[in-house]
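> Here's the letter readout for the chains.
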Amino acid sequence: MRNGFPFKRRLKVRQVKGGVFRTMFLAATLVGTFVLIVLIVDVLRDGAGWLDWQFLTSYPSRRPEEAGLLSALFGTLWVMAFTALLSFPVGIGTAIYLEEYAPDNRLRRLIQTNINNLAGVPSIVYGLLGLSLFVQALALGRSVLAGAMTLTLMSLPVIIIAAQEAIRSVPESHRLGAFALGATRWQVVRNIVLPSALPGVLTGTILAMSRAIGEAAPMIAISALVYLTFIPTNPMDRFTVLPIQIFNWVSRPQEDFQHLAAAGIIVLLIVLLGMNAAAIILRNRYQQRTEE
Amino acid sequence: MENNTACLETNGLGLWYGKFQALRDVSMTIPHRRITAIIGPSGCGKSSLLRCFNRMNDLIPGSKVKGEVLFDGRNVYAPDVDPTEVRYRIGMVFQKPNPFPKSIFDNVAFGPRVNGITDNIEERVEGALHRGALWEEVKDRLHKSAMELSGGQQQRLCIARTLALEPEVILMDEPCSALDPQATLKIEDLMRSLAEEYTIVIVTHNMQQAARVSDMSAFMMMDPDRAGTLVEYGPTSTLFTLPKDKRTEDYITGRFG
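Heads up: the protein sequence lines correspond to chains A and B, in order. Residues in the first sequence are numbered consecutively from 1, following the working numbering. Residues in the second sequence are numbered consecutively from 293, following the working numbering.
Only chain A is shown next, with the shape it has when bound in the complex:
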């Protein structure tokens, strides 16, 4: 003990303090994990018994034991495929333009502010926009394409912002090195920026798609059907999606429909996990190839 300073005792207090905070952070982490586990267990207990081949291959019905979500499942797959197809190139294109090409002027900042604000707009607003713009003004009707375009608008800000972050994280020294070797701006973007940024861009796209797949509100706004007894065969067909089907089942009084809704949620989660897994595999493969 130097100059009577109680180092040992103070150390004890400091260590206890550290332990308390560590426990608090762990607890915070556990809240989310616990809720997720309860949710999954609850849904599985309610729905797993109803999840069978008949459920996956039948159209909706008034009789719960005959009802299925074939049309909603295919509707979701159609809409998500088109949403990904539309939003990925437009999103990454916007991000590349803003980060690599656009001069830093007032217009650029205006666009940037707008994109940031759009990321926070409630999804129902996009639904109303889709209804008046795609369904009515562009006369696409209540089609798969109109639904996908609506979800694309909703996903774009998130994808753009994530892609911009990823592009910004590519070291400037790599760009300069490529320019100094006589690369054009496009060659720098194509060969230096995109390979490094792609994993981050894909992560952002996964997030946006995960949000879009569960959206019922904008789809209700453009009036996707509930009782649909055919599978969409082209982008102009009418459609329904899983969240709407689930919502419809949940809102019925009979208990059996609650089980159907739970089974529908399991299917939705599986589709979501499948999509995420595909994107992660794609990302890892790409990362390996560029780091070899």
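Take these hints with a grain of salt, some might be off.
Partial list, derived from the structure: chain A residues whose beta carbon lies under 8 Å from chain B [what the hints assert, rightly or not]:
hint, residue
1, Tyr101
2, Ser173
3, Ala178
4, Leu181
5, Ala183
6, Gln187
7, Asn191
8, Ala217
Please keep in mind that the hints were generated in silico from the structure rather than gathered at the bench. Everything numeric in this text was worked out from a predicted model, so none of it was measured. Virtual Cβ for every residue (Gly too), placed ideally from N, Cα, C.
Chain A is already provided as a structure; the job is to place chain B on it using the hints.
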């Protein structure tokens, strides 16, 4: 000195970043196949001057050039000259090694590929790595990531990457400032051997390095408006032993900077 024609020449060169003037009235002549060192205190415009030679300043928004930079008698800032062509013929090595996150092979092949050279890529890469004094160390792992190399090896890879385009001039912006003494020595040896074929311009704030490797030396300083100016330029042996300008003498004797 045989072959004393000018490789690079600046006439009344001025450079602005927005309203800030970074270079004022720089006129100098850089000979073929010699090492020319640009020395001076931090912020005196050494690197800015270097980046005028291959038009890298074009990439900085708001930069503006006045005067001429002649490369083999032709102004690289003439309206009909594309900066890509200038950079194809004048290579550059940066302060911090900046290999791309690709394989060693792909790093060296990058320049030829983006410039549309597709034949004999393997030989080009091997030749460039030989001249960059790196071949023996990497020949068994050409397809491994360049990021696994040591700092000194990375810098030699960056030199080899530049050599793969067979440039006429190599600009080096403090190429050893991020390296240890041993790696620095290797780069300096490499520079001496490269000077038989190439014109090298090196920015350094290590005066011993300038004295060791260079044939010609330019001393730069900020004028009262903070713009970089050329104070003295001449053969390295003269500049370091019999400087004409008082400021040069003060700097090389370590009185400031």
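> Are the hints correct? Go through all of them and say.
Hints, one by one, checked against the model:
no., hint, verdict
1, Tyr101, "violated, 12 Å"
2, Ser173, "holds, 4 Å"
3, Ala178, "holds, 7 Å"
4, Leu181, "holds, 4 Å"
5, Ala183, "holds, 4 Å"
6, Gln187, "holds, 5 Å"
7, Asn191, "holds, 7 Å"
8, Ala217, "violated, 42 Å"
Going down the numbered hints, you'll see the structure goes against 1, 8, while the others check out.
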